[in-house]
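Number of protein chains: 2
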Amino acid sequence: MAKQKKGEKAAAGGLREQLRVPAGPVDLTTYDTRATPGFDGSKDDGKVALEGLGAEVSDWQERLFAEGRKGGERSVLLVLQGMDTSGKGGVIRHGAGLMDPQGLKITSFKAPTPAEKRRGFLWRIKQALPDEGMIGIFDRSHYEDVLIARVRNLVTPNVWNRRYDQINDFETELAAHGTTILKCYLHISPEEQRTRLEARLDDPTKYWKYNPGDVDERQLWPDYMDAYHAAIERCNTPEAPWYVIPSDRKWYRNWAVTTLLLETLRELNPEWPVPDFDVEKEKKRLAAT
Amino acid sequence: MAKQKKGEKAAAGGLREQLRVPAGPVDLTTYDTRATPGFDGSKDDGKVALEGLGAEVSDWQERLFAEGRKGGERSVLLVLQGMDTSGKGGVIRHGAGLMDPQGLKITSFKAPTPAEKRRGFLWRIKQALPDEGMIGIFDRSHYEDVLIARVRNLVTPNVWNRRYDQINDFETELAAHGTTILKCYLHISPEEQRTRLEARLDDPTKYWKYNPGDVDERQLWPDYMDAYHAAIERCNTPEAPWYVIPSDRKWYRNWAVTTLLLETLRELNPEWPVPDFDVEKEKKRLAAT
Numbered sequence: 001m002a003k004q005k006k007g008e009k010a011a012a013g014g015l016r017e018q019l020r021v022p023a024g025p026v027d028l029t030t031y032d033t034r035a036t037p038g039f040d041g042s043k044d045d046g047k048v049a050l051e052g053l054g055a056e057v058s059d060w061q062e063r064l065f066a067e068g069r070k071g072g073e074r075s076v077l078l079v080l081q082g083m084d085t086s087g088k089g090g091v092i093r094h095g096a097g098l099m100d101p102q103g104l105k106i107t108s109f110k111a112p113t114p115a116e117k118r119r120g121f122l123w124r125i126k127q128a129l130p131d132e133g134m135i136g137i138f139d140r141s142h143y144e145d146v147l148i149a150r151v152r153n154l155v156t157p158n159v160w161n162r163r164y165d166q167i168n169d170f171e172t173e174l175a176a177h178g179t180t181i182l183k184c185y186l187h188i189s190p191e192e193q194r195t196r197l198e199a200r201l202d203d204p205t206k207y208w209k210y211n212p213g214d215v216d217e218r219q220l221w222p223d224y225m226d227a228y229h230a231a232i233e234r235c236n237t238p239e240a241p242w243y244v245i246p247s248d249r250k251w252y253r254n255w256a257v258t259t260l261l262l263e264t265l266r267e268l269n270p271e272w273p274v275p276d277f278d279v280e281k282e283k284k285r286l287a288a289t
Numbered sequence: 001m002a003k004q005k006k007g008e009k010a011a012a013g014g015l016r017e018q019l020r021v022p023a024g025p026v027d028l029t030t031y032d033t034r035a036t037p038g039f040d041g042s043k044d045d046g047k048v049a050l051e052g053l054g055a056e057v058s059d060w061q062e063r064l065f066a067e068g069r070k071g072g073e074r075s076v077l078l079v080l081q082g083m084d085t086s087g088k089g090g091v092i093r094h095g096a097g098l099m100d101p102q103g104l105k106i107t108s109f110k111a112p113t114p115a116e117k118r119r120g121f122l123w124r125i126k127q128a129l130p131d132e133g134m135i136g137i138f139d140r141s142h143y144e145d146v147l148i149a150r151v152r153n154l155v156t157p158n159v160w161n162r163r164y165d166q167i168n169d170f171e172t173e174l175a176a177h178g179t180t181i182l183k184c185y186l187h188i189s190p191e192e193q194r195t196r197l198e199a200r201l202d203d204p205t206k207y208w209k210y211n212p213g214d215v216d217e218r219q220l221w222p223d224y225m226d227a228y229h230a231a232i233e234r235c236n237t238p239e240a241p242w243y244v245i246p247s248d249r250k251w252y253r254n255w256a257v258t259t260l261l262l263e264t265l266r267e268l269n270p271e272w273p274v275p276d277f278d279v280e281k282e283k284k285r286l287a288a289t
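Chains as they are written, first to last, in our numbering: chain A, 1 to 289; chain B, 1 to 289.
Derived from the structure by calculation, the hints contain no laboratory data. Some clues are possibly wrong.
As the list makes no split between identical chains, a pair holds if one copy fits it or if it spans any two.
[What the hints assert, rightly or not] Result set (SDA-like, lysine to any residue): computed pairs, CA atoms no more than 20 angstroms apart in a straight line: (1) Lys9 with Thr180; (2) Lys43 with Glu116; (3) Lys284 with Thr29; (4) Lys70 with Lys209; (5) Lys5 with Val274; (6) Lys5 with Asp203; (7) Lys126 with Thr107; (8) Lys105 with Glu132.
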């Protein structure tokens, strides 16, 4: 168990307990996007605390990976959702970046191609699932199919309405086969988004991240919030719970998601595999070479 | 350009020039597995120097990634080969681990399945190639098809003999389509391998990395060296050169491969993409929201 860093507050049940969305109706306007639940230090403290998670989270990751190589069937899937600029990429860079890239399977979902649409919205998602021992990370996910698809009327209400149950069935089955699912909504305010989009327009090294369509989507903010409320409420199951991560402070967001991942790995508690060979006999064979 | 760290020796042509295998016959016994070309510091200096590469290599990686998102077609492919325990995984963990995992596509090749064999040995390799803007890393590769396949007579001599030309054709085409290929042979001595295998048998957290088959392969060391000599000699093209990395010292190996990657990215010199929209107009649109 890693030592607690300055700023980290231990709480019964851990950070998952604090950030987990309770069952029932969801209203994101009641969540403070600048809050830092479970942490009462400064930005610098937060960065130090994040670095401090590296060794332990990497160790657990290697144990899970080892287990997967020796017949274990467990894996972890981290789903990242949020409005543009909420920091899905930042979490991967700074949080997942602490781990061994060999044990990560990262997929960034863009608009589906015609060939993908034809196969049903979950088909491409299933292609991207983590194998045993791996930590899968989705930058956007099947939730886009009840978010932009709903807001932009890309399919009829009848179609998107059925998808919530389809998602729950899919996630329940996934969990039953050994995948621990962690769904994070990175929660920013519209004001913070404006600031971040402005920053992209002010910095030539960030132009490539900007898309004029981002402003169009931004103008539909209330519609997106409605769609998020429905998605989080209707797909908030014990097998695949939602967490709301206050994300106006990037350092908190990175620390919080990494901590959720760490708590999840600790609970899975993968053991180093027992040898499937005779250790003493192998030592002798090796010595003879 | 990053400042040089203690131990790093600048050389005309860079480290690539020093580690690149010259055209002609190859004899790996003439390479010192404990050498540290281009570096004359201690192990600790080496670790500091490696960390010191992180910021610059990440910056270039992001530029390449950005270029790829805006129509650029270039990518990098790092091929890692070497005997068991030579440290292919260690290079990925410690070297590639310095970069953003979103820009990496890592593939570890095991024995091919019947379905893969049926499609020809290059089929599964092509599935795993990096897309534009990405850095692909192969932990083992199509070279296994002229290494273990040759040593273990998995195919007839006639079949493996033709593969060298097939590999050269494949790599030449790949390079012509914008992929810079970097092939690294991680060179360890048989004595160092014994030490590392012993370490795996002495440490319960490493048992999972040990396979009794490793000792069988080890007993064929001279045959593998012959196969490596042929592979490196016959597939050492200007488009896809081989580098021999002395790898008995893990810290040197990690620093050297990362430095080769850095020099490659510097030479590609990807520029931040120019905006494909009107920046001032977008600022106004954004301000109005």
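To see whether the hints hold, each was checked on the structure:
1. Lys9 with Thr180: For Lys9 and Thr180, neither the intra-copy (25 angstroms) nor the inter-copy (48 angstroms) Cα distance is at most 20 angstroms.
2. Lys43 with Glu116: neither (42 angstroms within a copy, 50 angstroms between copies)
3. Lys284 with Thr29: Classified as neither; 66 angstroms inside a copy, 27 angstroms across copies.
4. Lys70 with Lys209: For Lys70 and Lys209, the Cα distance is within 20 angstroms only across copies (10 angstroms; inside one copy 41 angstroms).
5. Lys5 with Val274: neither (33 angstroms within a copy, 42 angstroms between copies)
6. Lys5 with Asp203: neither (34 angstroms within a copy, 30 angstroms between copies)
7. Lys126 with Thr107: both (11 angstroms within a copy, 19 angstroms between copies)
8. Lys105 with Glu132: both (11 angstroms within a copy, 18 angstroms between copies)
Checked against the numbered hints above, the structure breaks hints 1, 2, 3, 5, 6 and satisfies the rest.
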